[in-house]
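Asker: So you can see what is in the structure, the chains are spelled out below.
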Amino acid sequence: MSRHLKNDLEEAYHRLLSLSGKVEEMISKAIRALIDRNSSLASEVINLDEDIDQIEVQIEEECLKMLALHQPVAADLRRLTTMMKINNDLERIADLASNVAERASDLQSETDFPIPDLLNDMATESIRMVRDSLNAFVNLDIDLAYTVIRSDDAVDQMNVRVIDELGRIMHEKAAAEPAISCFSASRSIEQIADHAVNVAEDVIYMVNGVIVRHRHGGTD
Amino acid sequence: MKNLLLLVAAWSAISIALGVIGSFELNRIWRTQASEELVRDAAAARNSIDARTWAVPAESDPAWKRMEKELRLAVVPVVDAAGAPTVGDAPQSPPLEWATIESEHRLSTVVALDHPLGMANAIRVTRLAAPNSAQRVWWIAWSLLNISAVAMTLYGARWLRESLNSQRQNLQAWVESTQSENEDFLLADAEIEEPSLASAMSLIANNVNKSHRRLKLAKERSELVFDNLREGVMAVDHGGKVLLANRALVRLLKLPDEDVLYRPFLEVVRTPAIAELIASVLTHRSTLEQEVEIGTQPNYLRVAASPLPLGKSSSGEARSGALITARDETYVKRVELIRRDFVANASHELRTPLAAIRAYAETLQLGAIEDREAAENFIGNIITQSDRIDSLVQGMLQLSRVEVGIALDFAEFDVLAALEPCLAAAEAMASTKGVEVIKTEVTGGVQIRSDRDAFQTIAGNLLSNAVRYTPAGGTVRVKTSIVGDTLRVEVCDTGIGMRQQDLERAFERFYRAEKARSSDTGGTGLGLSIVKHLTQALGGTVSATSKPHEGSSFVIQLPMPQPPNIDEDPFPEGVANPE
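Sequence order for the protein chains is A and B.
Add 51 to the 1-based position in the first sequence for our numbering, that's all there is to it.
Add 1249 to the 1-based position in the second sequence for our numbering, that's all there is to it.
Bear in mind the hints are in silico, worked out from the structure with no lab data behind them.
A hint or two may mislead.
Claimed, not checked - Non-contacting residues of chain A with respect to chain B, defined by C-beta distances greater than 10 Å in every case (computed): (1) L68; (2) L120; (3) D127; (4) P165; (5) L185; (6) F234.
To be verified - Partial list, computed: chain B residues near chain A (C-beta under 10 Å): (7) A1283; (8) H1487; (9) R1519; (10) R1748.
Stated by the list, open to error - Computed list of chain A residues with no C-beta within reach of chain B, every gap over 12 Å: (11) H55; (12) E75; (13) E76; (14) I78; (15) S94; (16) M135; (17) N171; (18) S202; (19) G218.
The C-beta atom is built at its ideal place from N, Cα and C for all residues, glycine as well.
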């Protein structure tokens, strides 16, 4: 590959890594804001989302420029397209985290409402999945990517149980609004996990050249 | 070695050259000599023939026979059969030619006679071409020289080959050892037959092995220290590539278990705050220190980054990387938070009753004092609130006393007897709420050696908590038992319970789950903190479990010294005599 392509790829790669760090931090803060009902943390996260959007657009523009200028092929092309897709997924994850933060500020005043413990566990698992999928990207670790893909079922199940419990609480305490906020937060967390799975699948494509999406039945 | 070969080669060349040149020269001299003598003989013969008169035919003359024998004389016609003259033009330089006469190689010449002899008028004179003795010696010497030269060459070559072979054999073993996977990667062979080359290499091998071992030892030592630091340390070069990172750093930053050497730091450390710190130090070469939050708990790290001088680049400018250290300050931070909370809570707790007292007093001042019933009511409230302040202050004092470490008074007392007043108070409180207090115990008469007041405070606090947080219709169970050499006191309730994260912080000062319920149920928020410190001061432990909406359970374990068993043999067999 030409030297210019190499330099440009490295630069875009570093920007993407920097973005991924910020997004990971955002999710952690959003969850903490929800559980601890910390409103300042919540508004911090919501403000961060704007920055993330801008960075995402920059990275995408850089990647498109590279495609036009250097016309990479084979492994370079896979790497570039994977970076674009991960960039996109990270921006979606940031939006979802921002959503969780907004729900956190909704629940700010409802200090009596018991947020299910399972939600915390679900969030921890989702954060772990995001971090592992990015580690898999950085280290080109396919086994780790497959582990992330397999973890999604557990998160989905936890989501179902959280919804059940929220339904029960709504019934018992007639607290509809906070329960709905919680439900929305839970869904956002589950979607974050789904996007982590997307990132893992993209990594597998980048390394193997094989698209494993929609084929999870036989990936063991 | 090479010199010898050169010498031998030169020797051979010179001798051959000498031989060839010498031969030619001698040949020439000899020929010249022979031809001169022949010319002389021919002239002499002609003169002597011309000087006398010969009989006819001349061959019958005895003098002729003598001359013929000496000079191999022959009379030849001046012009031969073909018509060519047999005599040369100039009488001074007669034609000389080699010819084979009577199977002898002879130099011959033909001279013309001034007085023709019979029909012929020329004579042929010949001379034998035989090398003289000088020549023979020379030829023998030359041959010997050449043979000796060749022999010496052959011998020299063989000697050289043998010596090279033996050197190669000595080094063969050495070469094989460098290809094997030894600890000392060069083999030092003590038994070298051939000195110089191989033994020099053996010496080198020894030295290299020694330095190698020393280096490895030094490296292992520094690695040991480095990897066992509690602080995380990472070094980054001027290009942003990780030079080293110790185990503590991997643990603190929760990095994956991959090799990080020479990878760009952005790949390894994705935390934005730390990445920005490193980038800043690399560009501005400044020293920075910052507190960084990691993870979801979160953990707090104090990260310091300073420039790392890395020598000079090829163009002469100083290169600088970054050295990063990270220290886990989570505990310190948490203590800070607790302290802050404590101060805030304490002032808040005190302010509320104070405000109430002031309000009541003001109201009385404004005229409520005239209304007897209202005045009595208000004064009652003022007293209640002051009691509240009092118990709060008492609690804080007690706590600080316990934390400082008051003198405990250890004495033997009966557990049940000590528990009685606490149980009575709890039952009184419970009955007003509709809560039942049940006690289950093991056998009575359990004695323990401890501080009675402290024990009662502990039990009292646990019981009042249990009753306070249990709604009407619930039960509070008290159980005492002996497990091994500890006294176990359990207080369980069927109350509202608490979440896992509240349980973890339950023993903190002023911590109450669901902060909104601060003054609803009464209580200072200090009870469990006091329980924890007192229990620890008594040498015991306290633990709690809880399930939201189902209840909580608190367990105190206090050490009970075992009474000595008189029947036991103090020296079981085999202990005193270890044979």
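Asker: Against each hint, give a clear statement of whether it holds in the structure.
Answerer: Consistency of the hints with the structure:
1. L68: Violated: least Cβ distance 5 Å, not greater than 10 Å.
2. L120: The claim holds: L120 (chain A) sits with its nearest Cβ about 23 Å from chain B, beyond 10 Å.
3. D127: holds (18 Å)
4. P165: The claim breaks: P165 (chain A) does not keep its Cβ more than 10 Å from every Cβ of chain B (closest is about 7 Å).
5. L185: violated (7 Å)
6. F234: Holds, since 19 Å exceeds 10 Å.
7. A1283: Violated - the Cβ of A1283 (chain B) stays beyond 10 Å from chain A, reaching only about 90 Å at its closest.
8. H1487: At 16 Å from the nearest chain A Cβ, H1487 (chain B) fails the 10 Å test, so the hint is violated.
9. R1519: Since chain A brings a Cβ to about 4 Å from R1519 (chain B), closer than 10 Å, the hint holds.
10. R1748: holds (6 Å)
11. H55: Per Cβ check, H55 (chain A) is outside 12 Å of chain B; nearest 18 Å; holds.
12. E75: Check fails; 6 Å does not lie beyond 12 Å.
13. E76: violated (6 Å)
14. I78: About 9 Å separates I78 (chain A) from the closest Cβ of chain B, which leaves it inside 12 Å; violated.
15. S94: Non-interface label stands for S94 (chain A): nearest chain B Cβ at 17 Å, farther than 12 Å.
16. M135: The claim holds: M135 (chain A) sits with its nearest Cβ about 18 Å from chain B, beyond 12 Å.
17. N171: violated (8 Å)
18. S202: holds (15 Å)
19. G218: Holds, since 16 Å exceeds 12 Å.
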